[in-house]
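*Asks:* Each chain, written out:
There are 2 protein chains.
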Amino acid sequence: MAVIDKFLQNDRRALAKVISHVENRAEKYRDVLARLYPKSGKAYKIGFTGPPGAGKSSLVDIIADGYLKSGELTGIIAVDPSSPFTGGALLGDRIRMARLSNTGNAYIRSMATRGSGGGLASATKDVCVVLDAFGFDKILIETVGVGQVELDIVDTADTVVVILVPESGDTIQAMKAGLMEIADVFCLNKSDREGADRIASEIDMMVDVKRRMGDWAYPVVQTSALKGTGLEELRTQILAHQDFLKSTGKFERRRKRKLRVEIYQHLQELLLDEVKTRIGDFKLDEMVERIVSGQSDPFTEAERVVGKLF
Amino acid sequence: MAVIDKFLQNDRRALAKVISHVENRAEKYRDVLARLYPKSGKAYKIGFTGPPGAGKSSLVDIIADGYLKSGELTGIIAVDPSSPFTGGALLGDRIRMARLSNTGNAYIRSMATRGSGGGLASATKDVCVVLDAFGFDKILIETVGVGQVELDIVDTADTVVVILVPESGDTIQAMKAGLMEIADVFCLNKSDREGADRIASEIDMMVDVKRRMGDWAYPVVQTSALKGTGLEELRTQILAHQDFLKSTGKFERRRKRKLRVEIYQHLQELLLDEVKTRIGDFKLDEMVERIVSGQSDPFTEAERVVGKLF
Numbered sequence: 002m003a004v005i006d007k008f009l010q011n012d013r014r015a016l017a018k019v020i021s022h023v024e025n026r027a028e029k030y031r032d033v034l035a036r037l038y039p040k041s042g043k044a045y046k047i048g049f050t051g052p053p054g055a056g057k058s059s060l061v062d063i064i065a066d067g068y069l070k071s072g073e074l075t076g077i078i079a080v081d082p083s084s085p086f087t088g089g090a091l092l093g094d095r096i097r098m099a100r101l102s103n104t105g106n107a108y109i110r111s112m113a114t115r116g117s118g119g120g121l122a123s124a125t126k127d128v129c130v131v132l133d134a135f136g137f138d139k140i141l142i143e144t145v146g147v148g149q150v151e152l153d154i155v156d157t158a159d160t161v162v163v164i165l166v167p168e169s170g171d172t173i174q175a176m177k178a179g180l181m182e183i184a185d186v187f188c189l190n191k192s193d194r195e196g197a198d199r200i201a202s203e204i205d206m207m208v209d210v211k212r213r214m215g216d217w218a219y220p221v222v223q224t225s226a227l228k229g230t231g232l233e234e235l236r237t238q239i240l241a242h243q244d245f246l247k248s249t250g251k252f253e254r255r256r257k258r259k260l261r262v263e264i265y266q267h268l269q270e271l272l273l274d275e276v277k278t279r280i281g282d283f284k285l286d287e288m289v290e291r292i293v294s295g296q297s298d299p300f301t302e303a304e305r306v307v308g309k310l311f
Numbered sequence: 002m003a004v005i006d007k008f009l010q011n012d013r014r015a016l017a018k019v020i021s022h023v024e025n026r027a028e029k030y031r032d033v034l035a036r037l038y039p040k041s042g043k044a045y046k047i048g049f050t051g052p053p054g055a056g057k058s059s060l061v062d063i064i065a066d067g068y069l070k071s072g073e074l075t076g077i078i079a080v081d082p083s084s085p086f087t088g089g090a091l092l093g094d095r096i097r098m099a100r101l102s103n104t105g106n107a108y109i110r111s112m113a114t115r116g117s118g119g120g121l122a123s124a125t126k127d128v129c130v131v132l133d134a135f136g137f138d139k140i141l142i143e144t145v146g147v148g149q150v151e152l153d154i155v156d157t158a159d160t161v162v163v164i165l166v167p168e169s170g171d172t173i174q175a176m177k178a179g180l181m182e183i184a185d186v187f188c189l190n191k192s193d194r195e196g197a198d199r200i201a202s203e204i205d206m207m208v209d210v211k212r213r214m215g216d217w218a219y220p221v222v223q224t225s226a227l228k229g230t231g232l233e234e235l236r237t238q239i240l241a242h243q244d245f246l247k248s249t250g251k252f253e254r255r256r257k258r259k260l261r262v263e264i265y266q267h268l269q270e271l272l273l274d275e276v277k278t279r280i281g282d283f284k285l286d287e288m289v290e291r292i293v294s295g296q297s298d299p300f301t302e303a304e305r306v307v308g309k310l311f
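In the order they appear, the protein sequences are chains A and B. Residue 2 is where the first sequence starts when you use my numbering, and the numbers rise one by one after that. Residue 2 is where the second sequence starts when you use my numbering, and the numbers rise one by one after that.
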């Protein structure tokens, strides 16, 4: 494809086209990814998640700006699994772009597809591969909300920053929702608000359990995007985690583990495609009728199909 | 298995054992389900979901009690995807059991497994099959929280009741999170609170879009579990939806559609098992190495495996 050639010549418009192609799962998007894959593996991916209202976007923009200022190609992928709007997001992207200093080195992409569930996490991962292959040094993945889909999305990242605010109830809810497990760095944003120190100690106590099990310090950083405090410390801790992963070999092991999972996922899809082609639509309706009439069950029917194949 | 024979003789202890067996995906649980499947298909499943603090459990208990009083075997499955606690839930089950009038006809089961994601929805569905096969008339599925996992869980139900409270922000958040789509009946609980009428009209307006697209009325019922108001109306609307589904043939079509999806899911699992057996562990590590060294990509590797098989 001509667009891929342009992409490989660092054409920004081709980048946008390839991302759309992959995000929309357009024709032969897998071939596109297969071609880009060998060029990927150099970008460092940082995930940002936390409850709504924690100030994620502002913080992500500030962190991104720091990377841009030191000359790094920096991409932001903002994913909102609960929003059906993509048009509005485009406007939002432009507003955010205007906040960044070196826009020539920046790229912002909003992804929002309601109800696509697991598909959204997989699309996010693939868009990362595209940015990575293009030569981006840093990819910041930001997700809105706290649910299983958001956790799956942020799992693509190498370092996960969980952003909380000084509201005790919210913090505990967030921890319950699985954020505790996935966090590498905790960030208490809006820490100029009252009670921040108390909440920071609360988080610290909860994190202690995690610390005892691992060999990473799981730092709790207090920031205020508004007042500009703690941001350097947050950047330092993210970098420290990156160094930790690389020096201990964890980075490579994690990457390999994720590749294994990915191969499995593709394998499942391909096998099902193959089955469909081989035995027509394998008479699904007849299978359903047998179950409805009480003669069979979904397990037995699935086993019968596999039996016919091998 | 002896326990299945006892189960089929209506033994309550055998019911509990079979449910545990299926929930924990213990050895040969699929065979157990396959044996029970032909006996299922008669229970009516009602899902209850909504944001935390909406008073779901109290409402579910009251609705269940109504069914119990009219002599129906009624099961409650309470699923909390964010909670790692199962021991505590057991105590909770006993407290709830004490609130019901005819406990001989009731069964309560809490399911809580953090991070099992899609697995939890699938386990909920299977536990429904067990209760259904045992002869339960009504199965009430209650989920805590609002995320993709909760939506998947409640998707097992025939009628979905979305429970909201008179707090405008919460309502809009809940609607955004996908509750709007899955709801058949809207219930505004704690409607004795101030502003209930206004919020009810707000919901009504949002629901109007849905009404225009379908042929069901999507009622908005105001209840107060505390004061005992609106509960009869809620019960009536649930029954009206059941009648609507059955008289229009939607009930059967939905059941068949869900069976198709289920057959596909089993097929995928079985195919992957088969592949693993056929080509050893198909040298996953070598595949990963080829990708890491930039010689290949996950798609190509998956295709190679499928190519070897067929």
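In case anyone wonders, no lab produced these hints; they're calculated from the structure. One should not assume that every hint holds.
[Unchecked claim] Straight-line alpha carbon distances no greater than 30 Å define the calculated DSSO-like cross-link-like pairs of lysine-lysine that follow:
| no. | chain 1 | residue 1 | chain 2 | residue 2 |
| --- | --- | --- | --- | --- |
| 1 | A | Lys309 | B | Lys7 |
| 2 | A | Lys29 | B | Lys211 |
| 3 | B | Lys211 | A | Lys277 |
| 4 | A | Lys259 | B | Lys251 |
| 5 | B | Lys284 | A | Lys277 |
| 6 | B | Lys29 | A | Lys284 |
| 7 | A | Lys277 | B | Lys70 |
*Asks:* Which hints, by number, does the structure contradict?
*Replies:* Violated hints (numbers, rising): 1, 2, 3, 4 and 7; every other hint is consistent with the structure.
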